[in-house]
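2 protein chains.
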Amino acid sequence: MNIIEPTLLLDKVKCRNNIRSMVKKATGAGISFRPHFKTHNCREIGKWFRDEGVDKVTVSSVKMAAYFADDGWEDITIAIVFNILETGKVNEILKSGTNINLIVDSPETLSVLKKELKYQVSIFIKIDTGYNRTGILSDEIEKIEVVVKAINDAGMRFAGFLTHSGHSYKATSTNEILDIYNDTLRKMGSLKQRFRNEYPDIVISVGDTPTISITPDLRGVDEIRPGNFVFYDLMQLSLGSCTSDDIAVVLAAPVISRNTLRKEVVVHGGAVHISKEFISDPSGRSTYGQPVILKADGWEKLSGDSYVSSVSQEHSIIKADDEFFDSVSTGDVIGIVPVHSCLAANLMGSYLTLDGERIMRDRS
Amino acid sequence: MNIIEPTLLLDKVKCRNNIRSMVKKATGAGISFRPHFKTHNCREIGKWFRDEGVDKVTVSSVKMAAYFADDGWEDITIAIVFNILETGKVNEILKSGTNINLIVDSPETLSVLKKELKYQVSIFIKIDTGYNRTGILSDEIEKIEVVVKAINDAGMRFAGFLTHSGHSYKATSTNEILDIYNDTLRKMGSLKQRFRNEYPDIVISVGDTPTISITPDLRGVDEIRPGNFVFYDLMQLSLGSCTSDDIAVVLAAPVISRNTLRKEVVVHGGAVHISKEFISDPSGRSTYGQPVILKADGWEKLSGDSYVSSVSQEHSIIKADDEFFDSVSTGDVIGIVPVHSCLAANLMGSYLTLDGERIMRDRS
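So the sequences go chain by chain: A and B.
For the first sequence, our numbering begins at 1 and goes up steadily by one.
For the second sequence, our numbering begins at 1 and goes up steadily by one.
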């Protein structure tokens, strides 16, 4: 590959393996798989899911729903508490016959939907299982009942309960992640139990790549919506969600400067390429990415302790061990495993596969 | 304005005032003004600089140089240590007669330029005045002499010394920022002194918005290259570089959820809109943005203590004081002053002026 500027490399084999593994895990548990497409946001990669039999997806904005609906996806959950200003855009998508699931956490939204939506949608109630971002706590039954009533009053279909246990990203061990999954399952299961007599078709839908990757047996939920697993990244590796061999994207970045005194390697490739996301280890060290050696057929982990110690707009600084430092010259292109592949892929806008194919994300 | 989704608002009056003020400051000191265009990366905003008589610019990548050269900018400094893999792209720009200044911090780069560049360029030596990212320390005279010799051997023009005192962003007081400026001036001045007999035309060029905004008298340098001042942001405000009235961009973000127990307001608008940049105050509180009230003619600061306490991919959570919390409903659109406008503007890709004009950044 003739790479001369920061470029997001995609290992298609690893990516398709990640997709296949997750399909298998869902199938094995007899549950529904509705992958979150915000990580890749790319129709071409969407096709790789279709190839494995996936026929329903999750997105994080109405705009993303329109992008995938235009590509023929007919069953889409917009997994962000619905922004009532976007009913017009949702009507546009519904017009073509696409099934849309919206999520709500307050009854007020339903009165707007009743007034402004021209077609029926299904509604999930967002449950807060401990992440404390949006949603109703699972024990706030009265609030939930008010929303269920509002769904009925609006003439919409009550689809069930949906949560994103994003607090799994703050866990410090895989046991803690399993605890979060089990706690989520208990809370969501009890809600289903409570409402299933009246609404026998309701489902419970859970997301987040860490709990879904780490929990061996997913029976008990109806639907999973992980997204990041399609690429994984350094954060997932540090959480125990994947091995380093599962990570399917790295930023190819040209070396522009070396500092012999500080044993630092500086590359072109920074916050506008991989974002400023970092992970901190117990010693207080912050890591913004992991250098790897690029090979013709992919990339190879370094044996030593080199890491990206800081990023600015266009630069990353790598604290290098002696072996890595001595092996690298200006003009070399190395790889940086991103801490958060969702943000890196969003910033980069396209992927270059190892066989040289350029794949575009939605750039509208 | 009929805003329904995350949108970057630009107050053109404030922005043009920021440009005019900086032009005046440079003119008053009798020095050259070569603004960094990476912050706005937009030809339309470039025109506002032209209107004030600016005729030379700074960019942070060869790609950005090509974008502005195509728009008629004829004197461009590419202020990132030159990536030797991009000589072909530089030749393309030089072909049209544009003057290009490259920056280097090692002699090896020059032998590549000698071999591969088809036209002459001017070369700045990158000096590290304390930021410790790239560049040669100002007292490493032997190293500097080796690079000067390499510039001559390559048949290129030695333009002078260039630095970016980015450690000003870590300062905790304006006095510390003034100290950094004075230290920078002393180091750069002594280099000029040392080499001016042999190279009477060399200049010293300094960057970074904090030192340039805060230092009252810029005499002593030859050229300034600030960039962020065109918009300013919350980080600059916290450093003392600007007042809140100078900040020219905010993210308009729809309110999607409110939590009465935690007094939190959640908006659609997160890491893919304003980045994950944050500032920490001495108490350890991290702020990812500042909510403001949107008005027909701009935005208005809140009186209380509300702030963005966390961001995820599409969401920001605002810890709201009682007054702000009670004043906001789902479906309202509020403003978020970004911590780092360079990153927010890069993520958003376009600006909406207060009179409703959509202005595009380079989206290639």
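Hints listed in this document are in silico derivations from the structure and should not be mistaken for laboratory results.
It is possible that some hints are incorrect.
Since the list gives no way to pick one copy over another, a pair counts as held whenever it fits inside one copy or between any two copies.
Said to hold, decoys possible - Straight-line C-alpha distance at most 30 angstroms; calculated DSS-like pairs for lysine-lysine:
#1 K263 - K149
#2 K192 - K25
#3 K295 - K149
#4 K319 - K170
#5 K24 - K149
#6 K192 - K263
#7 K170 - K149
#8 K24 - K143
Within, between, both or neither: K170, K149 at alpha-carbon 30 angstroms: This pair counts as neither: shortest intra-copy Cα distance 35 angstroms, inter-copy 53 angstroms.
K319 and K170: within-copy, between-copy, both or neither at 30 angstroms Cα: both (25 angstroms within a copy, 20 angstroms between copies)
Intra/inter-copy verdict for K192 and K263 if alpha-carbon distance must be at most 30 angstroms: between (57 angstroms within a copy, 28 angstroms between copies)
Identical-chain pair category, K24 with K143, by Cα at 30 angstroms: Classified as neither; 37 angstroms inside a copy, 59 angstroms across copies.
Status of K25 relative to K192 across identical chains (alpha carbons, at most 30 angstroms): Answer is within; shortest intra-copy Cα gap is 22 angstroms, inter-copy 66 angstroms.
Homomeric proximity label, K24 with K149: Cα distance no greater than 30 angstroms: Cα proximity of K24 and K149: none, with 37 angstroms in one copy and 63 angstroms across.
Same-copy or cross-copy closeness of K295 to K149 [CA-CA at most 30 angstroms]: Neither: 58 angstroms inside a copy, 36 angstroms across copies.
Same-copy or cross-copy closeness of K263 to K149 [CA-CA at most 30 angstroms]: Answer is between; shortest inter-copy Cα gap is 25 angstroms, intra-copy 64 angstroms.
Hints 3, 5, 7 and 8, counting from the list given before, are not met by this structure.
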